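So the sequence lines, in the order shown, correspond to chains A and B.
The first sequence begins at 1 in our numbering and counts up by one.
The second sequence begins at 1 in our numbering and counts up by one.
Hint data in this document are derived by calculation from the structure and do not stem from the laboratory.
Since the model is a prediction, treat every value here as computed from it, not as a measurement.
Ideal placement from N, C-alpha and C gives every residue a C-beta, glycine not left out.
There may be inaccurate statements among the hints.
[Claimed, not checked] Under 7 Å between C-beta atoms, here's a sample of chain A residues computed to sit facing chain B:
#, residue
1, G23
2, G25
3, F28
4, D32
5, R77
6, A80
7, Q119
8, R126
9, C127
10, A129
11, T130
12, L149
13, D157
14, W158
15, M160
16, N161
[Stated by the list, open to error] Quick list of in silico lysine to aspartate or glutamate cross-link-like pairs, EDC-like style, CA-CA up to 16 Å:
#, chain 1, residue 1, chain 2, residue 2
17, B, K134, A, D157
18, B, K58, B, E71
19, A, K155, B, D154
20, B, K58, B, E183
21, A, K155, B, D104
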Amino acid sequence: MTAQRKLPPMMTVADFIDWPGDGLGTRFELIDGELRAMAPASGTHAAIQSNLTVAIGLHLRGQSRCRMLTAPGIQPRVRAEWNFRVPDLGVTCSADRAGQIMIPDPVLLIEVLSPGNVQETYEAVRCYATLPSVRDILIVHSTRVRAELWTRDAKGDWPMNPAEIDGGLVPLVSIAYQVDLAEVYAGTHLIEGNI
Amino acid sequence: MTAQRKLPEAPMTLDEFFVWDGGGHVGKLELVDGVVRAMAPASATHSIIQLNIAAAIKAHLRGGPCRVGTEAPIIPPMARRINARAPDIAVTCAPVSDSPVFEDPVLIVEVLSPSNEAETWESIHALAGLVSLKEILIVQSTAVHADVYSRAADGAWPRDPVVVGGGGTIILASMRCELSMAEVYAGTHLLG
Numbered sequence: 001m002t003a004q005r006k007l008p009p010m011m012t013v014a015d016f017i018d019w020p021g022d023g024l025g026t027r028f029e030l031i032d033g034e035l036r037a038m039a040p041a042s043g044t045h046a047a048i049q050s051n052l053t054v055a056i057g058l059h060l061r062g063q064s065r066c067r068m069l070t071a072p073g074i075q076p077r078v079r080a081e082w083n084f085r086v087p088d089l090g091v092t093c094s095a096d097r098a099g100q101i102m103i104p105d106p107v108l109l110i111e112v113l114s115p116g117n118v119q120e121t122y123e124a125v126r127c128y129a130t131l132p133s134v135r136d137i138l139i140v141h142s143t144r145v146r147a148e149l150w151t152r153d154a155k156g157d158w159p160m161n162p163a164e165i166d167g168g169l170v171p172l173v174s175i176a177y178q179v180d181l182a183e184v185y186a187g188t189h190l191i192e193g194n195i
Numbered sequence: 001m002t003a004q005r006k007l008p009e010a011p012m013t014l015d016e017f018f019v020w021d022g023g024g025h026v027g028k029l030e031l032v033d034g035v036v037r038a039m040a041p042a043s044a045t046h047s048i049i050q051l052n053i054a055a056a057i058k059a060h061l062r063g064g065p066c067r068v069g070t071e072a073p074i075i076p077p078m079a080r081r082i083n084a085r086a087p088d089i090a091v092t093c094a095p096v097s098d099s100p101v102f103e104d105p106v107l108i109v110e111v112l113s114p115s116n117e118a119e120t121w122e123s124i125h126a127l128a129g130l131v132s133l134k135e136i137l138i139v140q141s142t143a144v145h146a147d148v149y150s151r152a153a154d155g156a157w158p159r160d161p162v163v164v165g166g167g168g169t170i171i172l173a174s175m176r177c178e179l180s181m182a183e184v185y186a187g188t189h190l191l192g
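The task is simple: from the sequences and hints, build the whole structure.
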């Protein structure tokens, strides 16, 4: 038997934070007041996410006041009261505070792309682009070795197309670091003979 | 009998979108990551509000370099050549050109209808990343209510809008334009 659980109607971020969830442990985002369930990720997706966390986390440790965060809460500026998005990874250089749920001023946001959520991911990326602190947005594919890197130019504009990188180093100006795709895809089925 | 109209198969590029015959659709079409999005038909109230605002802004801009357009294609940031949006009203001050696109908009206005609220907000979020954009005006078509987002001096958008209700005045500071709610909703049942 399937237990059908009703989701609540339009919610603000404050309601969302207080909401106990659907009782099944599903993770949700809040998009303009509506709940959107986050699809379960593949093992490859999880490995890539973990590799990125380790590589960037180690780079930041000790030499930077910036911090790596997994599944950080992000509020876009316009209509903030109704939106709470959760990228796979983020870096902020603002201090951690007790009880803080949304991360302030992210400089780098990373999404690991899955075949099931391509359109939602690009929609999210355009939302992240409205945050003035964000300098790099990185999309990492989970079905092939490919990174798409969006970097703000000196005027603050975003390019029409991302830099597409299929091997080697990905230059992240936001944290002055080049992450190696061999490290990002290490241990996945995608790496053999690929780099 | 219902005439089933099929949208073309994705992905469509911007170049293809601009020469496409529209597949028989009437009304506003947008290109979202290569997929054509047809917006639900607007109500009469929506249509009156849209024209009221466009006419008031046009009168305000007369004699200057800026122009107002309705449902003109605008390319959001990070478009990958497969995205275009068409806000109900937009203002540009870019040099006049034969481009199919409204370049460097400084203002976009959306009139919200219940049938397409989610799509309209998606479009607003997508366009908010445009560096040229100074203000966003969102007007309800089911109540006398407007939200105004104006960029701060440092370029950041506010978290929450300035809310304008019945009897109030919308202030578009970037264009030094004031619109009374009576003017915006003139001729609609909402002013009753």
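Exercise for the section: Just pull the numbers of the violated hints for me, sorted ascending. Expected result: Hints 1, 2, 3, 12 not satisfied by this model.
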